[in-house]
Amino acid sequence: MKRAIFLNALLAVALLSLTGTGCKKKLNTAVTPIPAIRVAEVPPNQQPEPPRTPTNLGQQRGQQFPPPALPPANPTGPDAGLTQTLPTNPDKGLTGGIPATPLDQIDGMNQDTNHFAGQMVFFDYDSATVKRSETSKVNTVGDELKGRPEVKLLIDGHCDERGTEEYNRALGERRALSLREYLVSYGLSPDRIRTRSWGEDRPLESGHDESAWSKNRRGEFILLLPPGSK
Amino acid sequence: MKHPLGLVSFFATAIVIFSTAVTAADAGAERLEINRDATKRTPISLVGYSGEAAAVLRFDLEIAGFLLTSEEKAAYVLKGDNEGQVRGLLTDVIAKSIRLNKGFAGGSTRSQAHALSDAVVEAITGQHGIASTKIAFKVHNGPNSEIYISDYDAHNAKALTSDNTVVAAPCWVPHQRRLYYTTYVFGNADIVSHDLNSGARQVVARYSGSNLSPSASPDGRFLAMVLSKGGSPDIYVADADGGNARQLTRSREDESSPCWSPDGRTILFATKMNGRRVLATVPAAGGQVERLKIGAVVNPSEPDWSPDGKWIVFTAQMGGFHLYKVQAGGGDAEEICEGEDGSWASNSRTLVFTRRSGGGKRGLSLLDVPTKEIKDVGQNLGVCSQPSWAR
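Sequences listed follow chains B and C, in order. For what it's worth, this note's numbering labels the leading residue of the first sequence as 35, then goes sequentially. For what it's worth, this note's numbering labels the leading residue of the second sequence as 1152, then goes sequentially.
Hint data in this document are derived by calculation from the structure and do not stem from the laboratory. Check each hint, because a few of them may be wrong.
[To be verified] Each computed EDC-like pair below joins lysine to aspartate or glutamate, with the alpha-carbon atoms no more than 16 Å apart:
1) C:K1512 - B:D243
2) C:K1247 - C:D1232
3) C:K1444 - C:E1489
4) C:K1523 - C:E1213
5) C:K1461 - C:D1483
6) C:K1423 - B:E168
7) B:K249 - B:E168
8) C:K1523 - C:E1273
9) C:K1512 - B:D177
[What the hints assert, rightly or not] Counterexamples of contact, computed for chain C against chain B with all Cβ distances above 10 Å:
10) D1188
11) R1192
12) P1194
13) L1218
14) A1226
15) A1274
16) K1285
17) P1325
18) N1348
19) S1379
20) E1404
21) D1405
22) E1453
23) G1509
[What the hints assert, rightly or not] Covered, in the sense of this in silico footprint (three residues per stretch, anywhere, with C-beta under 8 Å from a C-beta of chain C), are these stretches of chain B:
24) 147-155
25) 162-175
26) 248-261
Since this is a predicted model, take the numbers as computed values, not measurements. Where a beta carbon is used, it is the ideal one built from N, C-alpha and C, also for glycine.
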């Protein structure tokens, strides 16, 4: 009798442990190990390694940067770039400005960033208007280009840090375009002038006050020389 | 370009090694934490975890809107360990039921812990977790900058470029391992498409003037961008490879930062009207430009439309920079927090954005919009900005 009870108890215990019912479940320990996939991580105190990308683009096997495409600047034809569409009232939302010059007319020229260093133009906060006090410098640039028909111009637009980055990138372009429009009204062909914006990424001064900001809100003129000339 | 295995394994996630089916008897009354008051954090307790796994679980759950607390005060208990694999048993204290019993192996400890916190978030809220998602951003390096990608918490960061030039505005293509960004590597502001599977890059916009602010359509088939080739920065839409570009705006003002509605029909961007900075919409197929009403908030820019279609986050510049949100149809915008350039996660609840501190420092932060929980991330990476969340 005692043995039967004992056996029954044993059976009951065995059954209970098999079904495993009850409020508390044990963590499943039947884990199938899977070979770990190595995932590279950056240790918290280190700079991550740059990728092994060659810096000399276009020269490496498998490098998929094609030579820059040269789409037309103006879909209505190459001569359309010569039309001036200067607005009489900026607030009327007149269409665009002067369509850009095709890149193939400017690529391949040598850049002289120092030549017009004295003619840097400064802008008011959040403005792309060429101030009257700045126009004599732009006229100087215009005069030189009139006298040297073989050279061209690249205008870089910059902003101070007090705007969001993409807003500033567009504002810098607007500043460069304003200078281009001024020079076109001064008598230069728009085909000779290209624009570029650096937003707030290339300040002249690294401070964080109006003294620095006022110097960073600028347009810079880069003289473009035909290949092979000085 | 030699494509390192590292980038492939970057996307490898931990694998579920077991998942015990939760039977009806165990579950008791299915109690989804709908969380009617989403501003209140759900109290949860972690038991048995250590080291990095514990830190990751804590981070993930806090930014998901949970309050880490002691067992006595918790509504849920996650009990487990991280010896080799990260495992957890989640019990609902009030309903006295088990909500999940899972373990993860493969990948790294971090990815295993992220996978477990995602499972916890899904079991309790019914929503997908975002702990295993990725972000892209810009890292400044003196006068230059590079594009980086990382886990959403800025760990496992990898440089995608090393061109020693200026880059800007990375934008993930939804549901693809592909990014657009602006690069000056050819001496001009050009837009490229960068395939993360092959490492191949392709120029998609290199018009004269500046090619800026790329934004992929929700289905990945189109690209919105700002081109100045017409004489002023305007919004254009093209195919994903840059072909067939169509001009959508024609104004003397500078447009910037286009983004797409989740249904792909509308493009929202920053511009000026009557001298005032505004946000405006235009149909992606072309049509009328209309101002978005945002109430009394001024100087808006950098909008992003939540994936569920309901909210628009944008940056307002009134003194400093502040993130605001407004209902997608327009209304009175509400301030969220100090910061700029927000990007929504796929859950339409979490934002990654940039915060500036003194002296030119910028860094990335995460924000849980309902509970206002903020976590700064990526401090070891230096000056970072312009984040884009992979959706």
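Hints, verified against the model:
Note on K1512 of chain C and D243 of chain B: the hinted pairing holds, with a Cα-Cα distance of about 15 Å set against a maximum of 16 Å. Between the alpha carbons of K1247 of chain C and D1232 of chain C the distance comes to roughly 21 Å, so the proposed pair goes past 16 Å and is violated. Among the hinted pairs, K1444 of chain C with E1489 of chain C is inconsistent with the structure: their alpha-carbon atoms are about 21 Å apart, more than 16 Å. This hinted pair checks out: K1523 of chain C and E1213 of chain C have alpha carbons roughly 11 Å apart, not beyond 16 Å.
For the hint linking K1461 of chain C to D1483 of chain C, the alpha-carbon distance of about 14 Å falls within 16 Å, and the restraint holds. Taking the CA atoms of K1423 of chain C and E168 of chain B, the gap is near 25 Å; set against the 16 Å cutoff, the hint is violated. For the given pair, K249 of chain B sits about 13 Å from E168 of chain B by alpha-carbon distance, which is consistent with the 16 Å threshold. Using a Cα cut-off of 16 Å, the hinted pair K1523 of chain C and E1273 of chain C is violated, with the two alpha carbons roughly 20 Å apart.
About 42 Å separates the Cα atoms of K1512 of chain C and D177 of chain B, which puts this hinted pair outside 16 Å; it is violated. Against chain B, the non-interface label of D1188 of chain C holds: every CB pair exceeds 10 Å, the least being about 29 Å. Every CB of chain B is more than 10 Å from the CB of R1192 of chain C (nearest about 26 Å), matching its label as outside the interface. Its beta-carbon lying about 21 Å from the closest one in chain B, P1194 of chain C satisfies the requirement of being farther than 10 Å from that chain.
No Cβ of chain B approaches the Cβ of L1218 of chain C within 10 Å, the least distance being about 24 Å, so the stated non-interface status holds. The non-interface label for A1226 of chain C is consistent with chain B: the shortest C-beta to C-beta separation is roughly 17 Å, beyond 10 Å. Against the 10 Å criterion, A1274 of chain C stays outside the reach of chain B, whose nearest CB is about 15 Å from its own CB. Even its closest Cβ contact with chain B, about 12 Å, leaves K1285 of chain C beyond 10 Å, as expected for a residue assigned away from the interface.
Taking the minimum C-beta to C-beta distance to chain B, about 19 Å, the non-interface status of P1325 of chain C holds against the 10 Å cut. Non-interface call for N1348 of chain C relative to chain B: holds, since the shortest CB-CB distance, roughly 12 Å, exceeds 10 Å. Non-interface call for S1379 of chain C relative to chain B: violated, since the shortest CB-CB distance, roughly 5 Å, does not exceed 10 Å. Against the 10 Å criterion, E1404 of chain C falls within the reach of chain B, whose nearest CB is about 7 Å from its own CB.
With a least beta-carbon separation of about 4 Å from chain B, D1405 of chain C fails to lie farther than 10 Å from that chain, contradicting its non-interface assignment. Listed as outside the interface, E1453 of chain C is inconsistent with that label: its C-beta sits roughly 5 Å from the nearest C-beta of chain B, within the 10 Å cut-off. Not every CB of chain B is more than 10 Å from the CB of G1509 of chain C (nearest about 8 Å), against its label as outside the interface. Only when three residues or more bring their CB closer than 8 Å to a CB of chain C does the claim for the stretch 147-155 of chain B stand; here the count is 0, and the claim is violated.
Only residues whose beta carbon comes within less than 8 Å of a beta carbon in chain C count, and the stretch 162-175 of chain B has 1; fewer than three means the coverage is violated. Under a criterion of three residues with beta carbons nearer than 8 Å to beta carbons of chain C, the stated coverage of the stretch 248-261 of chain B fails, only 0 such residues being counted.
The structure fails hints 2, 3, 6, 8, 9, 19, 20, 21, 22, 23, 24, 25, 26 (numbered hints given earlier, in ascending order).
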